[in-house]
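Undergrad: Going down the list, the protein sequences come from chains A and B.
Taking UniProt numbering, I'd label the letters of the first sequence as residues 1 to 471.
Taking UniProt numbering, I'd label the letters of the second sequence as residues 1 to 554.
No lab work stands behind these hints, which were simulated from the structure alone.
Treat the hints with caution; some may be incorrect.
Each computed EDC-like pair below joins lysine to aspartate or glutamate, with the alpha-carbon atoms no more than 16 Å apart [stated by the list, open to error]:
hint, chain 1, residue 1, chain 2, residue 2
1, A, LYS471, B, ASP167
2, A, LYS471, B, ASP77
3, A, LYS164, A, ASP138
4, B, LYS65, A, ASP382
5, A, LYS152, A, ASP62
6, B, LYS65, A, ASP15
7, B, LYS254, A, ASP62
8, B, LYS211, B, ASP246
9, B, LYS136, A, ASP138
10, A, LYS468, B, ASP246
11, A, LYS349, A, GLU370
12, A, LYS156, A, ASP88
13, B, LYS211, B, ASP173
14, A, LYS185, A, ASP205
15, A, LYS468, B, ASP184
16, B, LYS132, A, ASP15
17, A, LYS468, B, ASP171
18, A, LYS40, A, ASP62
19, B, LYS426, B, ASP463
20, A, LYS468, B, ASP167
21, A, LYS471, B, GLU240
22, A, LYS471, B, ASP184
23, B, LYS211, B, GLU270
24, B, LYS211, B, GLU230
25, A, LYS456, B, ASP463
26, B, LYS211, A, GLU370
27, A, LYS228, A, ASP356
28, A, LYS210, B, GLU240
If you want the building blocks of each chain, they are given just below.
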Amino acid sequence: MNPSNPPQAAEYGGDEVSAIVLDPGYSTTRAGFAGEDAPKSLIPTYYGKYNADGQEKLVFGDDIFVTPRPGLSIYNPIGKDGIVEDWDMAEKVWEHSFISRLTGTRAGNPFQNGLNDVSADELPTEMEVESEEKPLSDSPLLMTEPGWNPAKAREKTIEIAMEKWDTPAFYLARTGVLAAFASGKASALVIDIGASNISVTPIHDGMILKRGVQHSPLGGDYISSQIKAIFKANSPQPITITPHYLISSKSAVEAGQPPQVKYKTFPADKAPDASYRALLEERTLSEFKECVVQVWPGPTRLSAPSPTGVSNEDMARTTPGRPFEFPDGYNQVFGVDRFRAVESLFDAKAAIPDPDSAFPPPTPAQTIPELVKASLAGVDVDLRPHLLANVVVTGGSSLLYGFTDRLNHELMQMFPGPRVRVTAPGNTSERRFGSWIGGSILASLGTFHQMWISKKEYEEHGPNIVEKRCK
Amino acid sequence: MAAADVRDMLDLPAEGQPRPHKKQKVVEKRPEGITRELYALLGERAPPIAINENKYKGRPKWMNKSMAPFTNNARSDGLVLNHWQRKHESARPPVPTPAPAPSESQMEVDQPKEEEKEDVPKLPEQEYAFAKYNVKPRLPRRYTDDEYNRHLTSDDWSREETDYLVDLVTDYDIRWVLIADRYDYQPRMDSQPDANALVPAKHHRTMEQMKARYYYIAATMLSLEHPPSEMSEAEFELHEKMLKFDPDRERDRKELAALQLNRTADEVREEAMLLEELKRITSNEQNFITERRELYSRLEVPISVGNTTMYQSSAGLSQLLQTLLQADKSKKRRSILGDGAIQSPAGQTPTTAGGMGRADTPVTQAANKKGSITSRETNQMVRTLTPAEEARYGVQHHERVSAGVQFRSDRAQRLTQAKSNVQTQKLANALSELEIPVRLFMPTERVCKDFEKLIQSVNMLLDARKVSEKVESEIRVLEASKMERERKLREAAGISGPSADSGHPHVKKENEDGDTGVLGHSAAQGAQQGGGNHKRSASVLSAVSDKSNKRQRR
């Protein structure tokens, strides 16, 4: 076969082996069968923990949002930098993601599942205890990881997949690579705006260029903290977010008027943990980000004077505001503030100072343009124009209104010479699940099946094989 | 279009009534499963519930496929995965009973004791369709220790690092971008005993260094395998290319590329502008070339072979114009265009320019002669000038003007040219005596007029002198003959007397005649002197008279 001839259209081929693609992120964990166009199972990576009857109980999936159980506290097994911190819980959350929707729990011993009334003496003691069923024993598993995942974490991942889940074949792919694949590109500069991190990953021939990988913590959670700072300094009155579970009843009020609301109160011993409230506040903030927050479209920064002489902020003030109603009924029209919340992603000086925020003020090097610059500086010069012509935007927070326009302007200003072309799928799910979709494509390709790390290879070489094979 | 429309167009009488539609016979098919009698009882209305039984119409498509295990030849470990496969494609014997074969045993990696498991289906012998895409680039053979020591040792590269490089190249299929990105060689501690004391300097290798080293190794290995004389053409080319790799040049190129990439917006704009300019210039040039080509093709039209010298003088040119206009007019008489074309030069001729000579060009003359009414009207519209104004503006009226352009000085010049050279010479002599140049310095109207008069006077004087000379010589001849006669008489009669006194009054009379002419005093003097000259030398007299005689004869 001559490599210079492209394969025939019929030769591009999927060959589905019922592989499962698992794309764990900081905010959500996506899982689904390879070859489908969206993950079947989408659960929050957060899990809840509470005590009931003296026993510690865990809540996974969307259930964590539903009931404010007494003492319910919310945790995330993944650290702020996107690397797993709590491996035991990460394993449980991930397992929940595919068991709940994809594979189902294995049928246990019918005598022990509690459905059959069997008296103790009738219990057949001679019956051999079936070896514990493992959840993934007939599905190859493709997992994703951020580009800066350390070797230890990778080895731990394959260990879990092989030993706890008993998968016959495993592969670990970079999220950036998969997002590029989802856009149909083998070489690209992937800008991933996630919940806890934004990252810039140069991809060449389906492999990341490690020296060019850049990431910074200015993700969706950072934007939430900026919005909170805006709420605190809001002009008619500071806004506090009261999640729905704390509200018993409310009535409509005029814009800017204090809310008419009756709160639900929980006795101290019945109340959920503060982390639960933070989680639900975050949901309201996500809604706010979706409905109100807007990225200043550029081409110049929000603080800069526009070419007409009027400052951009004044220009922004003239645009009509956007109303938003909070769970307690308070509503207000947001004007220029809705631009300021995200401006610091591009201009570190525009960050809104907030001493209570968990995020330190961003440094200029953490902004997106600087990340791109640093990333390109780390790759070969011959590659840079090609990467700039193939910028792929992915991640849920990149859905902020006007984000890609601004990014395009920033990149064009920074690199006036080469052609800059930003590819951002317009479809919301394609943007949110970019890396999962890429994984779905990859794991259903006939040519990919030679890349799996099989159980046999794992047993021969140990977990270190992941470093050799998943380059 | 309906038939009625067609009839309407063709003026056909409309048909009495529209043709009745053919009645479509709706034949309801009797569903199967109902007897004819029962169906007849139902009447025309079909029952609301379909009575049709669902019939099994063959197996749906997905049932042609089955989950089948396969191995991939591109793998070395014999991993067995399951995929959906067409049933007839798999040549394997049908699975005897699916139940006893545990599904995970199919999925699991082939174990060495596979032959013991009888129920595991035999894998299809055919090759996995995607295995053929597992291609690797052809790399030169790896060196042996001996070869390395003999040919490949380098001061810069240790054996270990070279091995590391070649491993990386193999791993990443000579994709240098990736190799340079992942290159992270840690020198082994035990090879350097004192390395623990010193922090080993991180030796950063650039892609060019790696390339240079690897190409050197690859080229050497290639030439070891086949000496260059035995290489195939492709191999030799590759060998040459690898040997000629110049890392410095490559580095310079990349520096330039980085400069090009990091241009400022102004530079980019300037470049764009220059490119635009260049585009404009080239397109202009193209236009110019096409225009020139057109011109050339036009020039290649057969040229007239006639002599053009006759058109080179101004008079010739105006004559040509005249004939052309005539031809034009004969073609289309008094066409508006012709009138306009004729009118325009007259309008353009400024009256103030009259000082230079003729106010009217021959063209307008011709137009006036032709007498188109419009042109007359326009002429009448020109205000008439008083004589004083005419003199001031130099407007003149000519009785008759010869065709063509001529210079006033030419006319004056022509006057100085007599019919014979001798006469011309005489005129010139007379002018030079008066210190008037033959060619006038300022041939204004008045100067020319005076010059004309002068020349006329000179001519007249010359004629008068000629006549006087003739008369004189006749007198002399007659006197001589008279003296001869008297001498003869005296001889005969012995009386002799002087005769010279009688000649003088004659001459004086002639001179007085000359003075009465219009000519100025000096001219008369000159003529007198000229006459005097002749008188002084008696020897020339006869010759002069001869010549004047000759001229008279002519």
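Undergrad: So which hints don't hold here, by number, going up?
TA: Going through the list in order, the structure violates hints 2, 4, 5, 7, 9, 10, 21, 23, 24, 25, 26 and 28 and respects the others.
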